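J.: Residue numbers (our numbering), protein chains in the order written: chain F, -19 to 471; chain H, 118 to 438; chain L, 5 to 169.
If you're looking for bench data, these hints aren't it; they were derived computationally from the structure.
Some hints here could point you the wrong way.
[To be verified] DSS-like, lysine-lysine: derived pairs with alpha carbons at most 27 Å apart:
no., chain 1, residue 1, chain 2, residue 2
1, H, K435, L, K50
2, H, K400, F, K314
3, H, K401, F, K314
4, H, K225, L, K50
5, L, K50, H, K303
6, F, K314, H, K396
7, H, K292, H, K272
8, F, K314, H, K419
9, H, K270, H, K296
[Claimed, not checked] Here are some chain F residues pointing at chain H (derived, C-beta under 7 Å):
no., residue
10, S20
11, I21
12, Q115
13, G117
14, T162
15, G163
16, L172
17, S175
18, G176
19, V312
20, Q317
21, G319
22, S382
23, Q427
24, G434
25, L454
[Claimed, not checked] Computed beta-carbon distance windows for the label pairs:
no., chain 1, residue 1, chain 2, residue 2, range
26, L, L158, H, E251, 53 to 61 Å
27, H, K354, F, H111, 31 to 39 Å
28, L, L58, F, P443, 25 to 33 Å
29, H, E149, F, Y169, 31 to 39 Å
30, F, H111, L, V69, 48 to 56 Å
31, H, A397, F, F100, 34 to 42 Å
Just so it is clear, the structure is predicted and the values come from calculations on it, not from any experiment.
The beta-carbon is built from N, C-alpha and C at its ideal position, and this holds for glycine as well.
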Amino acid sequence: MFDSLALVTSPDILLAMVGGTLLGVVVGAIPGLGSILGLSIVLPFTFGLGTLPSMALLLGVYAGSVYGGSISAILINMPGTPQSAATSLDGYPMARRGQAGLAIGWASVASLVGGTFSAFVLMTVASPLAHFSLQLGPPEFFALTLMALVCVAAVSRGSMVKGLLAGLIGLFVAVVGGDPITGDLRFDYGILELSGGVNRIAVLIGVFALSEVFVQAVQLHDTAEYPNTGLGFRLPAWGPLAARWKTFVKSSAIGTFIGILPGTGATAASFVSYIEAKRAGRFREKFGTGEPEGIVASEAANNAVTGGALVPSLALGIPGDAVTALIVSLLVIKDVQPGPFLFTENPQFVYSVYWIFFLTNFIMVVFGALLTPVFTRILKIPTELLMGAITIFAFVGTYSLSGSAFEVVTCLVAGIVGFLLRINRFPLSALAIGLILGPLVEESLRQSLIVTDGSFPAIFLRPYSGLILVFTVLLILALNLKGRDRRGGKG
Amino acid sequence: MKSTWVRSAARALLVAAPLFAALALPGARAAEPLKVIVPWGAGGSSDTFARTLALSMRETLGREIVIINKPGAAGTLGTTLVAQAEPDGNTIGFSALAPFTMQPHLRKLAYDADSFAYVCEPAASPMVLAVRDESPFKSVADAVTFAAANPGKLKYGSPGPGSLPHLAMVELGLKAGVKWTHLPAKGGDMGNVRNLLGGHIDMVPIQILPLASNPIRALAVFSDARLDDLKDVPTMKELGYDVSHVIWNAMVAPKGTPEAKLAEFEAACQTAAATPAYKALLKKVRVPDTFKGRAALTAYAKAESDKFKVLFEQAGMKKKD
Amino acid sequence: MKGRAADAVYALAILLACGLLFVETRSDYYADTGIGFNSSSVFYPKILIALLALLGLVLLAQGLVRRRGAAPAPAPAPAADTAETTAAAVPLARRLAPLAVVLGLTTLFAALFARLPFLATSIPYSLLLGYLLGYRRLVFLVPTGVGVPVAVALVFEHLLGIPLP
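Could you put the whole structure together from the sequences, leaning on the hints where they help?
T.: In structure tokens form, the structure reads like this:
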């Protein structure tokens, strides 16, 4: 095991790790550029590299981009990647209070804990866990997506009706395009670009980033001064950290578990974890007002997903999403066949991957610390100038998704709709999760109905899907009861 | 107030105008890169083939090659863009067969199988019908017998509606006179292997790569002849089912692309397909080393398109408009 | 009060959209089942539309009925995903003018984005936007207005190898 450590500390692997992580953090922090784009950029380099340096490069980009998204979520309320949407719930208020650097510090520690926790899981119980996960089929996925959706609607402040509405709007946008079961096109109105569905990343950028520009325009004369202090990177002190240890552990576990399941992903994980912390966390009363525990819940979970997602990819050769699919296909090209035999036939490779992943998480935090002053400088730019820059980033980001002007228009429309929703306090995070989980919700529901011969109740009459449903109901009940205590009868 | 706005606007325009002009001018670019549109996501098998071919074609053609992934609508979105691109030799496409020869019979599209000049077929991947190791079915006949006794009970997977595995199973069901249920799943072959291992489906047509590393086995091969890799596995034809399919990948150009360009692409593609890097890729993904040039591929694509047209009619799948 | 009235307007808009979408699902186009046989492609969208309409009605009811007594539900906390506008100290017109400018310019930018070279649209956009919104310190305006687009172009085209228009 430790000879593998020596192996991965060779200069070329270290260099690949550092380079990959740096790129990952930067693309993660820029709204619109996500993990996939970062990976596509480095993919050509891997043709000339060995297997381990290639893995170091890809894992660095992967872990770094998930972490990087939190930086812009905290600083400008604009999640760099959808995975960090939940981070902004408490991260942004903290930054508004003049603790931007400290908020990033919290996010860094949480990411580190989540990432290394999942690396540890990957190391020890990957094989049995991956085999267990096979038993979860369409009904379980449907139950899980339902849980994520309900959680988000519940977490959104204000009216739950609006939360659910926003979530449904997100789900409906995801319906446009081909039917997953029959292949028919729906709501495409004969527009070629819509036949492939609305580009969901473009919508997210529009709804989160571009709408901010419009909101700023309305508030231009309110002169809400952004604090110029507390911009330097600061790690949280030991005392506050120790007081929140339960959330660290629980969120990491939630993230790892959700990461193991195909398709659900880091966005859902961070919201489920956030709501669980809001229910049970020690500082739950202050959630939404800039409570570090909220950042911890979101960031520990979404970084734990990265390790979790590698579990089925390496142990079964079955990737759960586009990012791990890229990693698996690279491994096959490099003559490493991921699958049940990998752990017995090539343990050294698995250990090396574990170490790379483990070290990457530390490098990531170092870069976070180094880059924070650069990113926080953004806050000093006057609003009028920042607005133009945000639009440019939003459009360039969407354009680079597929080199098409249609995506830019999608982003603009989403920005205007997002603005209209925001001024009437519809929670955008619910819309985001509906949008992201939309295809999985429909696919798993309709697959389930095929499995159960068309019966809705039968979907939840299986042990694990039933369990998830019961857990969801309990979670919601617990939250509502608490809310009632506090707010005196208002839900 | 209004006049202030107008004046501000005018002044701002003055500030911006020279820059605008200066920057708009150097629009003329150096040699246009060759755009290869892959109508599937990055990391998929079409994408991997295209990227590996591009490594060598870049040098042979002496120009930059950009791979553009345009996934969506079962591959027809990106393929439409290829069909509608200027036939000037600056845009080509690369995909497996479905968007070229199958989808045009299933839905209204802006193109059909004749809208392309077929350049080369650098890979044709065989397909097998796979079941779990512990499945009670030892042969295709076992599955057919079970399905005949329990119509609709058996479930088969596919990467999506209208994909080749889906159609192959529809055809097999027709020829064997049985009914089974389709449960499509995202994630390509591996997504279906997952469902197979978890017991959510009973069988699935997949390529042969996952066979080696998973507890699954092949009942039959969809190719015309037995495979070198799987000598013991019979073909569907041997078993008495006249079903034969292979996942062929093609590089195509929009129809009307100059003859000289097509010949240049064909030669570059052939060179690329013979490079050690490409041969190594084929070996790793367990795809036999075959190659078709322009003439052979054009005839083959036509024959395939006609074959699917008849098949869809038999299966009662009508084209939707 | 004002919030409730707005809720009612939003609810009506949602209900209208639901109605239009529902009419569309009844059209002949979706009558055929296509290649998937026993499954309708609007089965799931119809569920969503029904849920949307139901919640839209709830929102409408809340907007019309629960006016009196009940204080606005959420405490005005700086929530991340709500845009809280503080008291309307500034006249409406002065709020809407910048919004109109931003909307107009951004729409124009989006329309021209893919037609002209990247720098030819982005530099005028960022300069104009800053200037029209009343920012007058050219010492900062020009460097950022030009610098940001140029930096973005450099990073994308040369570092990342992603072609821009």
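J.: Which hints, by number, does the structure contradict?
T.: 8, 11, 24 and 25
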